[in-house]
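Novice: Knowing the structure of chain A, use the given hints to seat chain B on it.
Protein chains in written order, with my numbering: chain A, 745 to 1239; chain B, 745 to 1239.
Be aware that one or more of the hints could be misleading.
The list treats identical chains as one, so a pair stands whether inside a single copy or across any two.
Stated by the list, open to error - In the SDA-like style, the derived pairs of lysine to any residue whose C-alpha atoms are separated by at most 25 angstroms in a straight line are:
1. Lys1133 to Lys1187
2. Lys1193 to Gly1173
3. Lys948 to Ile1122
4. Lys1116 to Glu785
5. Lys760 to His860
6. Lys1005 to Val1227
7. Lys1163 to Gly1173
8. Lys1193 to Lys1212
9. Lys1005 to Phe872
Calculated from the structure, these hints are not laboratory results.
There are 2 protein chains.
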Amino acid sequence: MTNKDVSPRPEARLPKGLQDISAQEIRAAEAMLATIRGVFERYGFEPLDTPAIEYTNTLGKFLPDLDRPNEGVFSFQDDDEQWLSLRYDLTAPLARYVAENFQSLPKPIRRYQVGHVWRNEKPGPGRFRQFTQFDADTVGASSIAADAEFCMLAADILEALGIERGQYVVKIGSRKILDGVLERAGLNADDKSKHLTVLRAIDKLDRLGIEGVRLLLGSGRKDESGDFTKGAGLEPNQIQAIVSFVEAVGGDRDQTLAELKALVEGSSVGEEGVAEISAMHDLLSAAGFGSDRVVVDPSVVRGLEYYTGPVFEAELTARIKDKRGQIVRLGSVVSGGRYDGLVERFTGETVPATGVSVGVSRLLFGLQLLGKVQGDAIEGPVVVLVFDKDRLADYQRIVQELRTAGIRAELYLGSSGMKAQMKYADRRGSPCAIIQGGDEKAKGEVQIKDLILGATLTSIEDRAEYLKQQAVAQFAVPEADLVTAVKSVLARQKA
Amino acid sequence: MTNKDVSPRPEARLPKGLQDISAQEIRAAEAMLATIRGVFERYGFEPLDTPAIEYTNTLGKFLPDLDRPNEGVFSFQDDDEQWLSLRYDLTAPLARYVAENFQSLPKPIRRYQVGHVWRNEKPGPGRFRQFTQFDADTVGASSIAADAEFCMLAADILEALGIERGQYVVKIGSRKILDGVLERAGLNADDKSKHLTVLRAIDKLDRLGIEGVRLLLGSGRKDESGDFTKGAGLEPNQIQAIVSFVEAVGGDRDQTLAELKALVEGSSVGEEGVAEISAMHDLLSAAGFGSDRVVVDPSVVRGLEYYTGPVFEAELTARIKDKRGQIVRLGSVVSGGRYDGLVERFTGETVPATGVSVGVSRLLFGLQLLGKVQGDAIEGPVVVLVFDKDRLADYQRIVQELRTAGIRAELYLGSSGMKAQMKYADRRGSPCAIIQGGDEKAKGEVQIKDLILGATLTSIEDRAEYLKQQAVAQFAVPEADLVTAVKSVLARQKA
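One chain only, chain A, in its complex shape:
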């Protein structure tokens, strides 16, 4: 059975949920990723690249339904009929890599990886089917020092990106402390469903406030639209214990830990959790990461069904406004935690692991709103215009002189006239254009036209002032002074 394309001209378009990335976005992302890479390198992490394609069962998915092979992940069959998939995260390939190479790798394994991942899900605003992930993990280390390090890393990354101290906070939570609080409150540890309801209620603290959480822990809550969410049905004293737990967040780590210690007293899992976070606190303090950067916040309950120990997330706290002046809540930009199941499905053995993931697009968006984007320092090229088509070689010589001096430059390569060439230079974001007509050539000169200053001239109403500024914006120099003159134009534009 074949199915040949008969349409003579395909439409030029992208499938839904996929996008082209512009030069500006690429440069901003590259600069950000390079900075993050630098911090990971400084911390002793090594880069690793795995391919985009893995065996479907390696990725921890069941073999797909043949009728819908692309549910969630993009899948296809190899020549030998085995199912392959595009990776949907960087953790599953790491698990395969670690299981495959465990014997030969120095342990603990410290690796970071940045790359595209693909999700075959319904795309939406800001949700794409291809996006970039940046992960770092330490595998084979049960030491709590590995977790503390990721909190330091998160803070150092944000500061390396130009986010000032006080504009972000790293929050540490713990599943074990929460379990201890629930145990002390008399919740049956085996009632997973009630535990999940409690988790979900805590997770809504940001949005509903503590009173909303109280209702969700108790009888339930009716929202503005009248919809009713059933509560966990806890007793008042149980609710109070959880509320005290959630509210035990403060600037000072010592104080928060003291409150938490009191709340879990007598619960062995709870005390273990407090001891872990206390150990992290000591390491953080020794390394100079005080409560102004890293706090203990029990309301951090991210993905607790996946993580097995401390969890952490970094959040931008600066009041970030979008173009319309609205305050934007970005949520966490770096997050992670400890998990034990990494390679167990391959080897049957539990290997301790802890890791962190940078929310690449969310963090980049935050940097843009804060005006902290790097990499946009690359400006458009100086464009050497083609005044006389027979003198291309002269113009090429000028271009080469600029390039040799390290100046971004190009020869206009189209076939249009001077007006269109000027428009082209403008659209390329060119700082200045170089023109050499017959008159200039005869005098051994070139014209330099400052396109940034030139664009402001039309707003000058006074004729004398206009002429004066015009002379600054467009002027002739001897050919020998070309590079110096262009450099001075670039310098005054940056001033």
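Specialist: Structure of chain B alone, referenced to chain A:
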């Protein structure tokens, strides 16, 4: 119909033709790509990223056979049953992008792109199903200056990577000049099959020499194994014309062009070809790219069925030896040419285009053999050992001090004893280890162990000399002098 995985433990392995990339290779590739990017930026090219997935018909493939959807490209169906594929090069996505955005883009369009591509072909040694491509194209410029620029770019890229002038050559060929020679020799222009046989014969010059080419142009050639390849069956005077054409390659571009001009005299297509290459020659000379860097070589007939004008390729000419001392012929490391069919299949209109592709893995291999790899300057981290598990905070403080000073450093995060920790530091390529036991702590000191110098000590037979060197390799400093002492160890290792 479903097909669930019943095996409890998947095997941790990669599908054939796919590979993990090590830290060392990643760093070498990143450094090379960054250098190449820098040159493209200097020439005024802008980066573009397109997604890995496109509609199959956008990529110029017919919709796949439903029984073998992955022939050549990896394909899968979207929810709406439309066929999607992983890109197999960066040119087809560029064509889609240009056709989709033609009206809104400044023209000519100058873009570069680096990214993974996927080919569902039989993998072999050095042949993978995922690899990196680096392309740059100028679209919408019929000017020969665009072609000349790519030859300059190829030379500048190789020099930026540390390959010296004289160790590489950029060769320019032309389909039009070849057509002129064949026309003058009396070959029927419509006999595509005979043209192709001639092309293939010329393409074998490198391997068979000019006598082999003569045989293939004539009656045919028997190789060492006795296999006979049928020839093009040309007349002796036709063969001589083509041989003169192929041999018209020389150091001096002026001279080569004069010879070619004589060979095509009277053929309008041939004269047009010579005029084009002459114009490129003038531009190259004006920009200072002499015959020591860029030559005219008619034997360059790469993919002439695809290209429509000048073609060019850069080759490393240095005598490169592999590990076993064998001379390696790398072939072209940068190549490209002019082609007109780029967006025609979408829009029906011919848009002139010329482009270049960097052979990423081949070039990297060449740089490795030439000892010109950049990016391996990153050495292993300084490892702070855990002598006493109760004093983690002290060790963490030391790590942080090193990191703050910009030194790559890490705390040993495993649970093994000192001997295993030293082994770990060695395997990480660590320049030195930091140790602080109880004695040192009491004296306010730290021990620094130079692992590079330390590794050489066992070869010293003289006891006095051994002790002297050992004192240099491992020594104690006051805590306050830690950073200075580590920096001096790093500096002496680099000296």
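Novice: Which constraints among the numbered hints does this structure fail? Numbers only, ascending.
Specialist: 3, 6, 9
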